[in-house]
Structure formats: structure tokens, C-alpha cells
Amino acid sequence: MAQSLLAFLAMMLATIAALNQYRAQMNTYEKLIHSEYEIMANAVAIEQIELLDIGTDWADLEDVDGDTMQVAFSAGDLTVDFDLMFAVQYVDENGDPSASPTSIKEVQVMAFHDKFFLPMVTHTRLFSE
Amino acid sequence: MQFMLDHIAAALVYMTVAFLIAFTQIRATSETIEQTIAYASKKQILELADLLEQELALIGEGMPPNQQITNVVTNTQGETTSFIFWRNDGIDDLLIEYRLVFVDSVTVGQDTFALYRMDRYVNSVLDGGSQATLKNFRLDPLNASGNIVSPDAAKLVRATVVSTYPLGDLDDMYIGQTHWGITIQPMNLN
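Here the protein sequences line up with chains A and B, keeping their order.
Numbered by the numbering used here, the letters in the first sequence go through residues 2 to 130 in order.
Numbered by the numbering used here, the letters in the second sequence go through residues 18 to 207 in order.
Treat the hints loosely; a few may be bogus.
Claimed, not checked - If you anchor each label on the Cβ, the simulated ranges turn out as follows:
1) A:GLU39 x B:LEU22: 23 to 33 angstroms
2) A:LEU7 x B:ILE54: 19 to 29 angstroms
3) A:MET13 x B:GLY145: 51 to 61 angstroms
4) A:ALA88 x B:ILE108: 42 to 52 angstroms
5) B:LEU184 x A:HIS124: 23 to 33 angstroms
6) A:ALA88 x B:PHE119: 36 to 46 angstroms
7) B:THR49 x A:ALA3: 18 to 28 angstroms
8) B:GLY95 x A:MET13: 51 to 61 angstroms
9) B:THR87 x A:GLU39: 33 to 43 angstroms
10) A:LEU14 x B:GLY95: 24 to 34 angstroms
11) B:VAL123 x A:ILE34: 16 to 26 angstroms
12) B:PHE119 x A:HIS124: 29 to 39 angstroms
As the list claims (entries may be wrong) - No farther apart than 20 angstroms at their CA atoms in a straight line, the calculated lysine to any residue pairs in the SDA-like style are these:
13) B:LYS60 x B:THR150
14) B:LYS59 x A:SER36
15) B:LYS172 x A:THR57
16) A:LYS32 x B:THR181
17) B:LYS172 x B:SER99
18) B:LYS59 x A:ILE34
19) B:LYS172 x A:PHE128
In short, the hints are calculated from the structure, not lab data.
Nothing here was measured: the structure is a model prediction, and the numbers come from that model.
All C-beta atoms, glycine included, are put in the ideal place defined by N, C-alpha and C.
Just chain B, same shape as in the assembly:
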């Protein structure tokens, strides 16, 4: 009888330890994957931020005063669907458009939201843009008091971007978000 009890106790201990180790390992793997996805999303949004930060500062560069920001279109959700401005790269006049393109509607749990991609056009030719993971994208022309104004009265441009990434497993998925924003004072708007 004692012999049997020893074996049962040993089996119980073994199973408990094995379960704990396996559970820890699975959690560690899952966490590593989530960190990698979050890092990749952050890297993507920072690449977009880099593009916006550098190019928005050059709005109207080398152009006459009436050729700076020419058009800003906002959809009913408040996202900027088109932002058009002029700049000169030292050789040619360039008409740049940031065009927000609806990609898909995503439902996670109770929430449904739209995913967008930002396409960048130079003189009507597609030239770069963002990944199709944007949840929010706004470019607001601001006056000296920080209020949103028409493009021809703009002194500053505020950019706000939110990118999303999936987390969890298929049965229990949720959405991570990474944010970025900046307000730029293009020298040629003053």
C-alpha cells in the first residue's frame, strides 16, 4: 500500500511541475510574439512619422504664397482623407497628396472599426505611403491660437496617427494601438 502511495505522490508532483513549466514556457513564447508584433507596429508608425515630420516642414518651400496647402478633405469619421500641398525640391514644383484609402472593416469582440492606408502621390503618381493598419489619420491646419482653420489661414499643421495590431490568439483576440502625434511649424506658412 505504501509503495502505491509513493508512486501516486511522485506522479502528482511530476504532473504539477511539468504543467507549471509547460505553462510558463507557453506564456513566455506568447509574450515574445506579442512584443515582436508591437515592436513592428511601432517601427511602422515611426517610419510614417519620419516621412510626415520631414515633408510637412517643407510645405510651400520655394513656392509663391498662394501655393502652399491647397486642399484638406475630412470624412464623417473625422479622418483626413486628402491633404494636398505644394513644395519645390530645388528642381521641380511638386504637388504632394496624402490620400487616405479605406482598406477593410474589422470586428474584434464588440468593436468594429475601419482600417486605412495612406497613399502618397507626387504629381499624381503613387510614391510611397503607409501600411494598411491605420485606425486614425488626421492632418489639421491650425492658426496661431491652435484652432483648426482653413488651409489658406494655416500657420501650423498638426498630425495625429493611430496604428493597430492584433494581439492574443484567434479565440481571444484583442487590438493593440500605437499612437503618434506632432505639431509642425512649416517655415513657409508664416
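In isolation and in its complexed conformation, chain A is listed as follows:
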């Protein structure tokens, strides 16, 4: 009886070890994939901020507040779509949000992907009048 229990215990421990290893491997793959999406999201978010920087007048920046758009990261035969969300607010000289208009606007771009619940990246840039 005792021998059977020991044998069962040995097999159970070995199985748990194998399962844990498998789970760790899955976690690693998931992190690797997440990291790739993050880099791609970063590329599209930065591009939109640069386009805003050179293509939009400072006075019109709040027009994009609340805007959403879908932008693709393309490289070779790969295309990945990201949803971007814009937020614009006035900030003071310390970068703190200000309820009244100031000479500095903070533009925030968040990039989302369907596979992930949280934003992949968030970029913020300050624009002075």
C-alpha cells in the first residue's frame, strides 16, 4: 500500500513539474508576442504624433481630442491594425493638467490592439503656443 502511494506521489510530482514547465514556456511566448505588438504600436503612435506636430496648427490641436482612428503597421507581407485614441488637455508649466487655458497643450495617443485588453503604448507630447 505504502509503495503504491509513493509511486503515485512520484508520478504526480513529475507531472506537475512538466505542466509547470509547459506553462512557463507559454508565458514566455506570450510575452514575446506582446513585446512585438508593443514595438509595432509604438511605431504607429509616434508617427501620428509627428504628423500632428507638423500638420496641425497649435490652435486646432483640441480638434483631435477624443478622436479615434485605425492605423496599420506594415512591414513586408505583415500588416497589423491598431486603434488609436487621442486626448488633448491644457497643462501648466509643471505639466499638471489645468482647468483654464494655458500656453501648453498635452497630446496623448493611446494605441490598442484587439488581442489585448490594456493599451499597448501611451505617448504624450507637449505642444507650446
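Given chain A's structure and the hints, the job is docking chain B onto it.
Below, chain B without anything else, positioned relative to chain A:
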């Protein structure tokens, strides 16, 4: 008879446990190797990214307006095979060229793709570049609307790079890819 059955059961248990432990160990080793390869590939592409990010921002620095991006050549696969621009390092005028060089054609499973290396030339002298693991390399001059334009109309430069690395064993190999991209606004293009 009971004695024999006990020995057979013990041998079966031993073999099962030994197999599980050996299998787990092999998987763990294989995973560690794959992680190391992926990390090395990521490190290489980030080193290239660092070079591009710093240098593309300096396009046309210290140069007259007509000496900025002088030529961009794209091959039929859409890769940028030559990207030439001027900059001044505070002492000399430097003509920088990023030249994409075909290295090999690789077949993995059903897929065949080209591998490239990016060579960096300064005044026609080879000076740095990338590893020969690039699958895609694009440098696109963009206008203020984000459309690809001719070099003399560029306000931004978008860089896109994909690097590859082998995974799995020889009988069951597949390719991992690591991506990087950025859009830069060189101050002297505005």
C-alpha cells in the same frame, strides 16, 4: 507471481517518472536556447534602431536646403536598397548611404524569403551597418500627410525593419521575426 508483478509495476513507475523528468528537462533546455536566440536578435535590431534613430534625425544638419536626402532606391519587393543623405558632423560634410545588400535566399518549410544586410557608407567608405538577418528594410520619405513622397518633398522619414532568427531543431525549423519601426522628423527637413 506477486513478487514479479511488484517488480513490473515498480519498473513501469520508474520509466514513467524518468521519461517525464527527461522530457521536461529537454523542453526547458530547448526553451532557454530559443529565448537566448530571440533576445540576441532583439538586441541586434535595437542596435540598428539606435543607429537609424540618431542619424536620421540629423539628415541635412549643417547643409544647404538642396543637400538633404539625395536619393532613395526601392527594389521590386518594396525594400529600400539605397538611401543617401547629407549631414555635417561639425567638421566635414558627410555623404551617408544605407545600402541594402542581398545575402541569401532561405527556404523554411513552404516559405522562401530573401535575407539582407544593411551596409553604411560614409563618403563611399564602409563604416558599420547591420547583421545579415534582415528580412525587410524600408526607409520612406513622407510628407505632412503621411504619404510617401520624393526625397526633396520629405518632411518625415519612416523606418521599418524586420529581422529574422531560426527556431526549433533541424527537422522542424521555423522562423521567428522581430519588428521595429519609427517615424522621425529631421529638424532640417522642415
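Status of each hint after checking the structure:
Range check, GLU39 of chain A to LEU22 of chain B: about 58 angstroms between beta-carbon atoms, so the 23 to 33 angstroms window is missed. Restraint check, LEU7 of chain A to ILE54 of chain B: a C-beta distance of roughly 40 angstroms breaks the suggested window 19 to 29 angstroms. The hinted window of 51 to 61 angstroms between MET13 of chain A and GLY145 of chain B holds, with their beta carbons roughly 56 angstroms apart. As the Cβ distance of ALA88 of chain A to ILE108 of chain B is approximately 44 angstroms, the hint placing it in 42 to 52 angstroms holds.
Look at LEU184 of chain B against HIS124 of chain A: about 31 angstroms separates their beta carbons, and that is inside 23 to 33 angstroms. Take ALA88 of chain A and PHE119 of chain B: their Cβ atoms lie about 45 angstroms apart, and the range 36 to 46 angstroms holds. Under the hint 18 to 28 angstroms, the C-beta atoms of THR49 of chain B and ALA3 of chain A, about 38 angstroms apart, miss the expected range. Range check, GLY95 of chain B to MET13 of chain A: Cβ separation about 55 angstroms, and the 51 to 61 angstroms hint holds.
Range check, THR87 of chain B to GLU39 of chain A: about 34 angstroms between beta-carbon atoms, so the 33 to 43 angstroms window is met. For the hinted restraint 24 to 34 angstroms between LEU14 of chain A and GLY95 of chain B, the CB-CB distance of approximately 54 angstroms leaves it violated. At about 22 angstroms, the beta-carbon gap between VAL123 of chain B and ILE34 of chain A stays in the expected band of 16 to 26 angstroms. At roughly 35 angstroms, the beta-carbon separation of PHE119 of chain B and HIS124 of chain A lies within the given 29 to 39 angstroms, and the hint holds.
Taken as a hint, the LYS60 of chain B and THR150 of chain B pair is honoured in the structure, with Cα atoms around 12 angstroms apart against an allowance of 20 angstroms. For the suggested pair LYS59 of chain B and SER36 of chain A, the alpha carbons sit about 10 angstroms apart, so the restraint of at most 20 angstroms is met. Distance restraint check for LYS172 of chain B and THR57 of chain A: the Cα-Cα separation of roughly 14 angstroms lies within the 20 angstroms cut-off, and the hinted pair is therefore satisfied. At most 20 angstroms may separate the alpha-carbon atoms for a hinted pair to count; LYS32 of chain A and THR181 of chain B meet this at roughly 18 angstroms.
Between LYS172 of chain B and SER99 of chain B, the direct Cα distance comes to roughly 19 angstroms. Compliance with the 20 angstroms bound is thereby established for this hinted pair. Note on LYS59 of chain B and ILE34 of chain A: the hinted pairing holds, with a Cα-Cα distance of about 12 angstroms set against a maximum of 20 angstroms. Restraint check for LYS172 of chain B and PHE128 of chain A: satisfied, since their Cα atoms lie roughly 18 angstroms apart, inside the 20 angstroms limit.
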